[in-house]
Each structure stands twice: as C-alpha cells, then as structure tokens.
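S.K.: Below, each chain spelled out in residue letters.
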Amino acid sequence: MNNPPHFKGYKTVGLTENALPVILNFEEYEALRLSDFELYGQVKASLIMEISRPTYARIYESARRKVAEAFVLGKPIVFEGGKVYFDSNWYSCKQCGCWFNHQEKEIAATNCSLCGSTDIEQGANDPVNTIDMKTCVCPICGLEHPHTPGIPCRMTVCPDCNWNLKRKDAPYQYRMKNKNL
Amino acid sequence: MKIAITSTGNSPDSKIDSRFGRCSYVVIYNSETEEVEYWPNPSKENIEGAGPGLAQFVASKGVQKIISGEFGGKVKSIFDSLKIQLVVFNDSQKSIGEIITMLNY
Numbered sequence: 004m005n006n007p008p009h010f011k012g013y014k015t016v017g018l019t020e021n022a023l024p025v026i027l028n029f030e031e032y033e034a035l036r037l038s039d040f041e042l043y044g045q046v047k048a049s050l051i052m053e054i055s056r057p058t059y060a061r062i063y064e065s066a067r068r069k070v071a072e073a074f075v076l077g078k079p080i081v082f083e084g085g086k087v088y089f090d091s092n093w094y095s096c097k098q099c100g101c102w103f104n105h106q107e108k109e110i111a112a113t114n115c116s117l118c119g120s121t122d123i124e125q126g127a128n129d130p131v132n133t134i135d136m137k138t139c140v141c142p143i144c145g146l147e148h149p150h151t152p153g154i155p156c157r158m159t160v161c162p163d164c165n166w167n168l169k170r171k172d173a174p175y176q177y178r179m180k181n182k183n184l
Numbered sequence: 562m563k564i565a566i567t568s569t570g571n572s573p574d575s576k577i578d579s580r581f582g583r584c585s586y587v588v589i590y591n592s593e594t595e596e597v598e599y600w601p602n603p604s605k606e607n608i609e610g611a612g613p614g615l616a617q618f619v620a621s622k623g624v625q626k627i628i629s630g631e632f633g634g635k636v637k638s639i640f641d642s643l644k645i646q647l648v649v650f651n652d653s654q655k656s657i658g659e660i661i662t663m664l665n666y
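Taken in order, these protein sequences are the chains called A and B. Residue numbering for the first sequence follows our numbering, starting at 4 and increasing by one per position. Residue numbering for the second sequence follows our numbering, starting at 562 and increasing by one per position.
Don't take every hint at face value.
Listed below are several chain A residues computed to face chain B (Cβ distance under 10 Å; list not exhaustive) [to be verified]: (1) Tyr43; (2) Trp93; (3) Cys99; (4) Gly100; (5) Phe103; (6) Asn104; (7) Asn114; (8) Cys115; (9) Ser116; (10) Cys118; (11) Ser120; (12) Asp122; (13) Thr138; (14) Val140.
Listed below are the simulated DSS-like cross-link pairs for lysine-lysine, each with C-alpha atoms no more than 25 Å apart in a straight line [stated by the list, open to error]: (15) B/Lys635 <-> B/Lys563; (16) A/Lys169 <-> A/Lys47; (17) A/Lys11 <-> A/Lys78; (18) B/Lys655 <-> A/Lys14; (19) B/Lys637 <-> B/Lys576; (20) B/Lys635 <-> A/Lys11; (21) A/Lys11 <-> B/Lys576; (22) A/Lys11 <-> B/Lys637; (23) B/Lys637 <-> A/Lys97; (24) A/Lys14 <-> B/Lys605; (25) A/Lys97 <-> B/Lys576; (26) A/Lys14 <-> B/Lys576; (27) B/Lys622 <-> B/Lys563; (28) B/Lys563 <-> B/Lys655; (29) B/Lys622 <-> B/Lys644; (30) A/Lys11 <-> B/Lys605; (31) A/Lys78 <-> A/Lys14; (32) A/Lys14 <-> A/Lys69; (33) A/Lys11 <-> B/Lys655; (34) B/Lys622 <-> B/Lys637; (35) B/Lys655 <-> A/Lys97.
Only part of the chain A face toward chain B is listed, based on derived beta-carbon distances under 7 Å [claimed, not checked]: (36) Tyr13; (37) Trp102; (38) Gln106; (39) Leu117; (40) Gly119.
What the hints contain is simulated information worked out from the structure, not anything from laboratory work. Glycine included, every Cβ here is placed at the ideal spot set by N, Cα and C.
Looking at chain A on its own, in the form it has when it is part of the complex:
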C-alpha cells in the first residue's frame, strides 16, 4: 500500500467518556480512499490494491459499515493495520504479544527480545505474504502458474490440457486470516 494515513484516527467532539474505538484496517481505509476520494470504479480500485473485485467489494462494504457505526454510535475511529507493515524479518512473541525484528538476517531468532520466551513465530506466514505467494494449478496435470491478482484462476487455461486452472490452496484461507488482522 502506497498511501497509509499519516495520522492515527478520529476522536468524537463533545463526548468525554471513552467509548471503545472502531478499528478501521488499512485495507479498508485504502478502499474508502480509492472509491470515495479518488473516485475509481471498483474494478480499477481492485486492480490498484491487487485483489479481486469481489474481495474489494467486501473490504469496501466493511469499511463503510465501520465508518457508519462510528458516526451513529459516536465512537472514535482508529486506523490499524495489524501485520501489514511486517515482513519476514519480523517475529511475534506469543507470550507477551510484542513484535520485534532481527538485525542478523542469516541467523534465526530463538528468544523473544522482550520477555525471553521461546514461543515466537516468524512473520513469514502473515496474511500479506500469503497473498503474494498465491499460485494457480491445473487440476489435471498439476502445472503451476503464478496467480495474477484480480483475475480469477479459472480464467487462465492450462496450455497442455486446455483445462481451467484452480487456486492451489484452500481458496478462503487467506480471507479468513485477513479478518483477524
């Protein structure tokens, strides 16, 4: 994503009690920006975000609902991306919930830099990277083809078997993960 918001969110004017904020993910912010600020159509916007059009529609709808919820119920909005910024050099600790990077990239980290727990996980399998590694596969001969975002796998045809390709892994897996960001 090229245009992250340069501030962290919105507060309500006049309400003093701390209502729980609505958390707007960066992809939802980006969808709102593309559709309602840059005024792109959904197909164009989904290509810019390198996701399929139905996924874009889902993200955009979720964004609008969250903004409406914040307006109607007087809740603050917080922009949060979860794992969006993290690449494979980052680790997360399941013990204390922190994230840390590792300067010696060749050596894998073994302990959490904060609490010393060994229960750590490398950021390589975060949802953002999973999306990048998508491949289409031919169900007949097993030929693998890198997936083009925005074009369904079934639109690509295997050159040997003339068969429509399908997504290599379970198709809904990365979407389900994305919701927990």
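Guided by the hints, dock chain B onto chain A, whose structure is given.
M.R.: Just chain B now, with coordinates in the frame of chain A:
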C-alpha cells in the same frame, strides 16, 4: 546492552509511550550494570522530524535495542542502517518498571 524504552513520565511507574518520535521521556536501561537513566525527549516539540531526531539521540547514547508502541516510517530505515533492533510492544498499560522486569528474564 543498552535498551531504550519510550515513556510517558520520568519514574518507574510511568507507562510506556505508544509513540516513538513524540514520546515524553526516553528510559535508557543498561542490562549489565542495571543502571536506569531518564532523558526528556529533545525533539518532542519539533514540527517535523521528531522521530529521526530522537533516533539520532538514542543512537548517540549507544543504544542497541528500542522498545516502543509504534515506529513511524522515517525511523525504520535509520535503525536498520544503525543495526539497532526494534521491538514493537503495544500494551499501553505496562509500566517502565514492569518492562525492565520482563527484560531481566
């Protein structure tokens, strides 16, 4: 090893500051001598470049690891080139004393 923690105040009971560039205080903890120093953030009121300013400050103190709630886009590359480790810890209820205890695992 010297470890910097961004803090909202200058006592062990202060909470961790979730911002890096515009935190109020920086706590520099020396894990060998167990010395703790509290420094006011010199670039807190900067209109621009608060993060890089503070990055320069902590680097000049010989810090090797920095704990904060969040880091801005400008400082990530600075710390990468200085080989300083970043730790993102987003529990704003933790006090400086508790974090130092966690570091002494």
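S.K.: Give a verdict on every hint.
M.R.: Going down the list of hints, with the structure as the test:
no.: 1; hint: Tyr43; result: violated (24 Å)
no.: 2; hint: Trp93; result: holds (8 Å)
no.: 3; hint: Cys99; result: holds (7 Å)
no.: 4; hint: Gly100; result: holds (7 Å)
no.: 5; hint: Phe103; result: holds (4 Å)
no.: 6; hint: Asn104; result: holds (5 Å)
no.: 7; hint: Asn114; result: holds (8 Å)
no.: 8; hint: Cys115; result: holds (8 Å)
no.: 9; hint: Ser116; result: holds (5 Å)
no.: 10; hint: Cys118; result: holds (5 Å)
no.: 11; hint: Ser120; result: holds (8 Å)
no.: 12; hint: Asp122; result: violated (13 Å)
no.: 13; hint: Thr138; result: violated (30 Å)
no.: 14; hint: Val140; result: violated (36 Å)
no.: 15; hint: B/Lys635 <-> B/Lys563; result: holds (22 Å)
no.: 16; hint: A/Lys169 <-> A/Lys47; result: holds (23 Å)
no.: 17; hint: A/Lys11 <-> A/Lys78; result: holds (14 Å)
no.: 18; hint: B/Lys655 <-> A/Lys14; result: holds (24 Å)
no.: 19; hint: B/Lys637 <-> B/Lys576; result: holds (23 Å)
no.: 20; hint: B/Lys635 <-> A/Lys11; result: holds (16 Å)
no.: 21; hint: A/Lys11 <-> B/Lys576; result: holds (20 Å)
no.: 22; hint: A/Lys11 <-> B/Lys637; result: holds (18 Å)
no.: 23; hint: B/Lys637 <-> A/Lys97; result: holds (23 Å)
no.: 24; hint: A/Lys14 <-> B/Lys605; result: holds (22 Å)
no.: 25; hint: A/Lys97 <-> B/Lys576; result: holds (21 Å)
no.: 26; hint: A/Lys14 <-> B/Lys576; result: holds (22 Å)
no.: 27; hint: B/Lys622 <-> B/Lys563; result: holds (8 Å)
no.: 28; hint: B/Lys563 <-> B/Lys655; result: holds (20 Å)
no.: 29; hint: B/Lys622 <-> B/Lys644; result: holds (14 Å)
no.: 30; hint: A/Lys11 <-> B/Lys605; result: holds (17 Å)
no.: 31; hint: A/Lys78 <-> A/Lys14; result: holds (8 Å)
no.: 32; hint: A/Lys14 <-> A/Lys69; result: holds (14 Å)
no.: 33; hint: A/Lys11 <-> B/Lys655; result: holds (21 Å)
no.: 34; hint: B/Lys622 <-> B/Lys637; result: holds (18 Å)
no.: 35; hint: B/Lys655 <-> A/Lys97; result: holds (17 Å)
no.: 36; hint: Tyr13; result: violated (17 Å)
no.: 37; hint: Trp102; result: holds (4 Å)
no.: 38; hint: Gln106; result: holds (5 Å)
no.: 39; hint: Leu117; result: holds (5 Å)
no.: 40; hint: Gly119; result: holds (3 Å)
In this structure, the hints that do not hold are numbers 1, 12, 13, 14 and 36, in rising order.
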